[in-house]
Amino acid sequence: MKPRVFAAFVAPSLLMMLIFIAAPLVSVFGQSFYVTQPVYEQVEVETCTPGFPTANCVTETKSQPVFDAEGRIETRTIFVGLDSYRNLLQLDRVGGYLASGDWGAILNVDFWAALRFTLMFTLITLPIVLVLGLTIALAVNNAVKAIRGPVIFMSLLPFIITPVIGALSIRWLFIGDGILTVALEQLLDRDIAMFAQGWTIELMMYFYRVWHVAPFAFVIFYAGLQTVNQDTLESAIVDGANRWQRLKFVVIPHLGPLITFVALIHLMDAYRVFEEIVGFSSQSHVISLQWLTYDFLQPDDAGNRAISRASASAMLTMIGIVILLIAPVRRAWREHKGVR
Amino acid sequence: MIRITALAAAGAVSLLGSAAHAECSFENDTPVSLLSAGFEAWKAVSDAMAECGNFQAELDQEFRTKQPAAFAANPSLYALGGVANGTITPLVNEGTIRPLDDLVAEHGQHLNENQLIRIDGQVMAIGMMVNTQHLMYRADIFEDLGLEVPETWDEVLEAAAAIREAGVVDYPLGATMQTGWNLGQDFVNMFYGFGGEFVDAQNMPTLNSEAGVNALQMMKAMTEFMDPEYLVSDSTYVQQQFQQGRIAMANLWGSRAGAMDNEAESDVVGLVESAAAPKATEDGPPATTIWWDGVVVAQNIPDETAEAAFRVAMEGLDQEMVENNNDAAVWLIPGYEPTRLAQGAIATLQAQPNARAYPSTTAMGLMHTALGNGVAAFLTGDKTAEQTLEDIEAEYLTAAREAGLVDG
Numbered sequence: 001m002k003p004r005v006f007a008a009f010v011a012p013s014l015l016m017m018l019i020f021i022a023a024p025l026v027s028v029f030g031q032s033f034y035v036t037q038p039v040y041e042q043v044e045v046e047t048c049t050p051g052f053p054t055a056n057c058v059t060e061t062k063s064q065p066v067f068d069a070e071g072r073i074e075t076r077t078i079f080v081g082l083d084s085y086r087n088l089l090q091l092d093r094v095g096g097y098l099a100s101g102d103w104g105a106i107l108n109v110d111f112w113a114a115l116r117f118t119l120m121f122t123l124i125t126l127p128i129v130l131v132l133g134l135t136i137a138l139a140v141n142n143a144v145k146a147i148r149g150p151v152i153f154m155s156l157l158p159f160i161i162t163p164v165i166g167a168l169s170i171r172w173l174f175i176g177d178g179i180l181t182v183a184l185e186q187l188l189d190r191d192i193a194m195f196a197q198g199w200t201i202e203l204m205m206y207f208y209r210v211w212h213v214a215p216f217a218f219v220i221f222y223a224g225l226q227t228v229n230q231d232t233l234e235s236a237i238v239d240g241a242n243r244w245q246r247l248k249f250v251v252i253p254h255l256g257p258l259i260t261f262v263a264l265i266h267l268m269d270a271y272r273v274f275e276e277i278v279g280f281s282s283q284s285h286v287i288s289l290q291w292l293t294y295d296f297l298q299p300d301d302a303g304n305r306a307i308s309r310a311s312a313s314a315m316l317t318m319i320g321i322v323i324l325l326i327a328p329v330r331r332a333w334r335e336h337k338g339v340r
Numbered sequence: 001m002i003r004i005t006a007l008a009a010a011g012a013v014s015l016l017g018s019a020a021h022a023e024c025s026f027e028n029d030t031p032v033s034l035l036s037a038g039f040e041a042w043k044a045v046s047d048a049m050a051e052c053g054n055f056q057a058e059l060d061q062e063f064r065t066k067q068p069a070a071f072a073a074n075p076s077l078y079a080l081g082g083v084a085n086g087t088i089t090p091l092v093n094e095g096t097i098r099p100l101d102d103l104v105a106e107h108g109q110h111l112n113e114n115q116l117i118r119i120d121g122q123v124m125a126i127g128m129m130v131n132t133q134h135l136m137y138r139a140d141i142f143e144d145l146g147l148e149v150p151e152t153w154d155e156v157l158e159a160a161a162a163i164r165e166a167g168v169v170d171y172p173l174g175a176t177m178q179t180g181w182n183l184g185q186d187f188v189n190m191f192y193g194f195g196g197e198f199v200d201a202q203n204m205p206t207l208n209s210e211a212g213v214n215a216l217q218m219m220k221a222m223t224e225f226m227d228p229e230y231l232v233s234d235s236t237y238v239q240q241q242f243q244q245g246r247i248a249m250a251n252l253w254g255s256r257a258g259a260m261d262n263e264a265e266s267d268v269v270g271l272v273e274s275a276a277a278p279k280a281t282e283d284g285p286p287a288t289t290i291w292w293d294g295v296v297v298a299q300n301i302p303d304e305t306a307e308a309a310f311r312v313a314m315e316g317l318d319q320e321m322v323e324n325n326n327d328a329a330v331w332l333i334p335g336y337e338p339t340r341l342a343q344g345a346i347a348t349l350q351a352q353p354n355a356r357a358y359p360s361t362t363a364m365g366l367m368h369t370a371l372g373n374g375v376a377a378f379l380t381g382d383k384t385a386e387q388t389l390e391d392i393e394a395e396y397l398t399a400a401r402e403a404g405l406v407d408g
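Protein chains in written order, with the UniProt record's numbering: chain A, 1 to 340; chain B, 1 to 408.
With the rest of the complex left out, here is chain B (with noise of 0.2 Å):
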């Protein structure tokens, strides 16, 4: 008996070596609880958080119907929240997660100026990673036609029809245009690419102009050259299209670059190339929005709680969890080597002028749902353009109303 405890012993003592790097600096005894969406980014992070003990992960892709009311509740039901740029704006409204400055001067100093997501100068995330739609495409068909890599979308258009001559796969492009948030989001990148603005500061919707035609008129070109399906295509099934060797491009987020490489489920390994989206007009911004995920900290907890809260967060958010899980995102985290498929996305945040970040308003998340639900009528040709755009205006303007927003 003592000699398999001390046999057991050793096994553990052997694992603690091998594990020694990926321990965790101090000695957790505060209940710490995380809210996250589910991709791979946070599993890494929660796990290496979970290394500090007396810590829960729940990682949820409907986080973002929970973390309003969840964060709340006094107290809050869990410490730490992780959103992103449009998932943070009913937090910050309701004033349930609370401003980190001292918290990042006591605990923080390490981090750099990048993650400090600040709203009216106080920093309220720390960021993590950031996120993008960018160009990807089979380098292999590019080279084999003698195609040069589009930096704009006119350039897509005629190497899509160069693709499409050649007969090469099913469909030269595909675009994550599924009806609701993900349509509205290839208009809103479109449409930024347009240089076009959604709501001036009354709140007033100015979305009928030239920016929202010539994006809805774009976006209908796209559409010749894709699976007809394509308002019932998400994200996986462009990605599953680009594994299956069925498409040839696509503006996709750079979270799904590295499944291009996974054996297991790709045809394509190696093949797939990423570079910056392409531009609406010759020397306008990448028609795409900047995103970002990161760590915030609720408001309804005791300051003890919040402290052992963030402390964890920083051991998640760390050099070691980075280096571990590389390819995983395009951290903002320092250790981070950008990878063969994160090059796109990098070109993307350096493009001149840039690509505007997704605003985190309360306009901005009732004009999504509108052109969610809208943009369709053009793309099946039931409305004309005009027309598609004053719908959306007046659904807009509708929901504002309702909401507060506008008045009358």
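Chain A with its partners taken away, still in its complex shape (with noise of 0.2 Å):
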């Protein structure tokens, strides 16, 4: 191709990308070093609200914004540093906990305990999306033509459902007196409350997520199936390899290029975990980076967001990911240097 054809092609999703990407994240970069805020007067003010039979009126101290001469709030920025990361880290108080020997206690700090979730749910789920989707790949291979479609089309469906509906979904079927809480009740003759602790929720969490992705998995590795070099796979039949072997020696090291790729998108994925956590309403017991990014963003009663922090958050989230990609992505270099 020639180089201003080339050129013609990826400009569009490049400068898409330089818009909608690269820019906002520069953006949140400067944003976590500094704060804006109102600047605020202490004023008294009589406040009268309804009560029975007459209105309640109180008086009281409150902190109100100044406005500018055009009326507008009056705002400051100002350069905080790290702060922002530090409010978000409490290292001091990690280093305590570590000091004093109470590692659980790290867990006290929200954005450990998100780390935590975060990791354990994209490292759990992973060999298992992989496992099960390449399972259900060959069995569908060596499944009987006719019902070949029905058991694709059927394999699938958890992959189209909108990932919050998905979610919402089997919260119902749980939650409470659902159906399958119900039915688990009665096969264990005991009272079941999926929601009361962390873990039974988190246990809900893995199996959701692997439901609702395992399908993707199983699609790029059926295809993968399809271009099996045959003669490979009868000479080593002629070889004498059992059916273990032929797996190990011949069909694994073919779809080697898109198990990394699979594992790749998964991490990433999986590292956002949100929907989740707002399906499963779970904060009180289970939260993740990316909800806690959320939670910053998200405006009380009184129009108060947190950007510099979610700001911060969200960095941190994107550093995150960037560290658990290099080995896989350094992987799938190495194979598409080896293929040339």
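None of these hints come from the bench; they were simulated from the model.
Glycine included, every Cβ here is placed at the ideal spot set by N, Cα and C.
A few of these clues could be false.
Pairs of lysine to any residue residues, derived as SDA-like cross-links and limited to a Cα-Cα distance of at most 20 Å, are as follows [said to hold, decoys possible]: (1) B:LYS383 - A:ALA113; (2) B:LYS66 - A:PRO299; (3) B:LYS220 - B:GLN122; (4) B:LYS383 - A:GLN90; (5) A:LYS248 - A:GLU335; (6) B:LYS383 - A:ARG93; (7) B:LYS66 - A:LEU297.
Computed footprint of chain A on chain B, listed as stretches where at least three residues anywhere in the stretch have a Cβ under 8 Å from a Cβ of chain A [what the hints assert, rightly or not]: (8) 23 to 35; (9) 112 to 125.
With the hints as a guide, dock the two chains, each given alone in a separate frame, to form the complex.
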């Protein structure tokens, strides 16, 4: 392809990436070092609210923003350096816990609790998704031709459902006297409350994510299976390789780049786990990094948002993803060069 | 053809005849729009406003996220807004709603003093209803077991123990303790009940006190008698627990009372009664907060539009609307006849010393968020009461510094 043609094809998407990914990233990076806040003054305010039979009036000292000449709220922007990161990581507190040997207490700090869950969620679901996806792909590949279509369709269904809706439906199956909870209770003959403790909620989250993502792995692996070199397979059979040996020495090496690809995508997706937290309303037991950022950005009744801490949290999330991706990306790069 | 038109006209006239009393008193020719929450009372009010014509309502439960930005636009995207104690704060702070004294003098003579929400001496909102969390209980169960209606939380716990002993319901007690806003609100109620103050005049937190520890311990004691999944139970969930006969008592929102007698949903029609919110201490106020809902008018609109908007609002908050929708809320508007299920809310409002109105301050917004995220750690047993309160204070301080409320 001529360089000019190549440029013409690539330029639009590059431009989009610059505008919608690079620019916001730079802006968020910058914002994480600054704090913008209104200037407040203390005033005595009498407030009257309804009561029976007459209104209740109370006078109290309140902080009210100061207005500038144009009637807008006066704000000031302060360079705070790494303060927002410090507020998030609370390293001095963590250091204290480490020194006293009370390691579990580190999870009292939101960020570390979120990091713990996010990492565990990512690393536990990854192998399960890979193995399950491959198993379904092999099963479908070996199934009778006539039922292949319907089986593929059925196994793709979870992937089609909008993530939040999927999480909510699982929630409703289990919450309170949900159908599945009642079924489990009858099976095990004991009272079960799936939403009463953290580990059951976490279990449901892993289950949900695997159920939701395995079809994606399956589709990719199934496509890969169609291109396995039949001659190699047959010669392996002639050489006396059993089913397991054929899988290990022929099929899996052939699928290698695809496995890296699925792992890469899954790591990126799972590290940004968010729908599960909202869907299962698990905030009291389990939170994730992405949810933490969202929570900082969510305005409260008085309209406050913690933009600086949200920016810091977003940057830390991104750094986390980059670190996680180094290994698979290097592997993909080597495979890419190896093919050439 | 002519006959059909005549018939249609006759039909229209007869329709007008039957709906004559629900007509607007003036012809509105200025476009007016409203953004408010989406519950039953707002539906009734916005329907009544629509009778004046040229009116558009947006009832949206996400209104509190939208409102500050929509009202800050020039011209404002909405002329009217529906707010409550908490959600009026950003509008007042940013100066995006206008004082209504002149309009009240001109078009609002009939409003009673109770409806005029004054901030710093100026009328900033017109109240329409009050809402509060109060005790709802299964009268039949209390009668069968010979129990008195509890007046304090200690008595609630005793009654709960007796009900559990009798084993007539799954769980004696329900509560809106979903992590986040709901849980924060339950703590606010209990903390005020024990006479606590959240912040001092310099916005420094004063949470870590005897009242704070007491409030946490009382909430923990309550959870003994509750569905173990209480950290995911919001108002709707508690309402359904009541309707399905699975709980016997709850400190629940007055606006949820009507649902108990909804025959389509409820198995306990006529069995649920309400009483004043229980007190935390013998001689304290009811452990609850008073909320009001009302209408505000945008600052960034021409005066003529504001006047039209105010007149439309008055039409929505008139006596006819209340008479047609008496059960939808505890109205502040003349003509309201308290129903059986409104008794508890009214008893709460009349209690002495009186329960506080939920404070409309910036600091309270930050504190509420910190509470909503932090209180659960004590209930699940992860932290001690003191540690929990200390962490919530630290969380609040970080947020307050970032917001510029506290120096340093």
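Hints, verified against the model:
1. B:LYS383 - A:ALA113: 14 Å, holds
2. B:LYS66 - A:PRO299: 10 Å, holds
3. B:LYS220 - B:GLN122: 42 Å, violated
4. B:LYS383 - A:GLN90: Holds, at about 18 Å.
5. A:LYS248 - A:GLU335: The given pair, whose Cα atoms are some 18 Å apart, holds under the 20 Å limit.
6. B:LYS383 - A:ARG93: This hinted pair holds, its Cα atoms lying about 15 Å apart.
7. B:LYS66 - A:LEU297: 14 Å, holds
8. 23 to 35: violated (count 0)
9. 112 to 125: Satisfied; 9 residues make the cut.
Hints 3 and 8 from the earlier list are contradicted by this structure; the remaining hints agree with it.
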